[in-house]
Each structure stands twice: as structure tokens, then as C-alpha cells.
Amino acid sequence: MNTAMTELALNCRRLFLRNHTVDVRIGAHDFEKLGPQRIVFNVELFVPYSASTPTQDDLTEVLDYDFIREVIARRVAQGHIVLQETLCDDLMRELIAHPQVQAVRLSTCKPDVYPDCEAVGVEIFQIKPAS
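Convert by adding 379 to the 1-based position in the sequence shown; the result is the number in this note's numbering.
Possibly wrong hints are sitting among the right ones.
Said to hold, decoys possible - If you anchor each label on the Cβ, the simulated ranges turn out as follows:
#1 Leu438 / Val461: 31 to 39 Å
#2 Pro508 / Val461: 22 to 30 Å
#3 Glu497 / Gln435: 41 to 49 Å
#4 Gln435 / Phe504: 30 to 38 Å
#5 Pro494 / Ser429: 44 to 52 Å
#6 Asp402 / Tyr493: 14 to 22 Å
#7 Arg393 / Asp495: 32 to 40 Å
Simulated from the structure, these hints should not be mistaken for laboratory data.
Source: prediction; values computed, not measured.
Glycine residues also receive a C-beta, built at the ideal position from the N, C-alpha and C atoms.
Starting from the given sequences, assemble the full structure and let the hints guide the process.
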């Protein structure tokens, strides 16, 4: 494990949204342009432990999971997306821009495209550059 990953593992809280399924207008092939298809999102946000430890047991003291869902919903609402890579990159830019977020791991997969496999997808990971 490299130094940056070690720091994240030791000093961050990992928030996650697992198997969040949304109907999305996505795809490059003609058959994919006929209507929305299921996309499964998995998102992990790494937030400094010191900035995510509540002292009053109040939601305002932590990063709300709704933030992740809202970022996804806003991007999906913008219309047809050709590539999963584009979708992931767009989501990454918005997620990593949050002041509390130090790193993001994000994946999307399309479970219904091919009958001979469970899913096809993309995963990306980014650490916010030190300021």
C-alpha cells in the first residue's frame, strides 16, 4: 500500500453508498438508446476522521449520505450519456470538490447489457491533491 493510501486508511472515515440502482439513459449502441437501463453505483468517500466525528450526535456534524445520491441524481437528469467513463468522470469531479472529501472510489456497472456476464462497468479512484 502506498503512503497516500496508508494515510487515508489510518486517518479517514470511509462513507459508502452500495449498490444504488438508478434507471439511466446511457449507452453508445442503438439498442441502448431505446430507453433507460439500470446502472448500479458504488461510491466510497474518504473524509478526515477529525472532520467527521460528531460531538453532539447531529447530522450537521457529518457528511450526509444524501449528498452522494443528489450528485448522482443531478447528473443523470441532464440527459443521455454515451459512456460510463463520462458518467464516472462527471460524478468524480463533483464528489471530490466537496471540501470534506479527501478521496473518492466510484464505480458504475450495467447489469443488463450482455446475457453472458453479470455486468460491465468502470471504476475510478482519486485522491484530492494536497493544498
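Here's how the hints hold up against the structure:
no., hint, verdict
1, Leu438 / Val461: 31 to 39 Å, "37 Å, holds"
2, Pro508 / Val461: 22 to 30 Å, "29 Å, holds"
3, Glu497 / Gln435: 41 to 49 Å, "43 Å, holds"
4, Gln435 / Phe504: 30 to 38 Å, "32 Å, holds"
5, Pro494 / Ser429: 44 to 52 Å, "48 Å, holds"
6, Asp402 / Tyr493: 14 to 22 Å, "18 Å, holds"
7, Arg393 / Asp495: 32 to 40 Å, "33 Å, holds"
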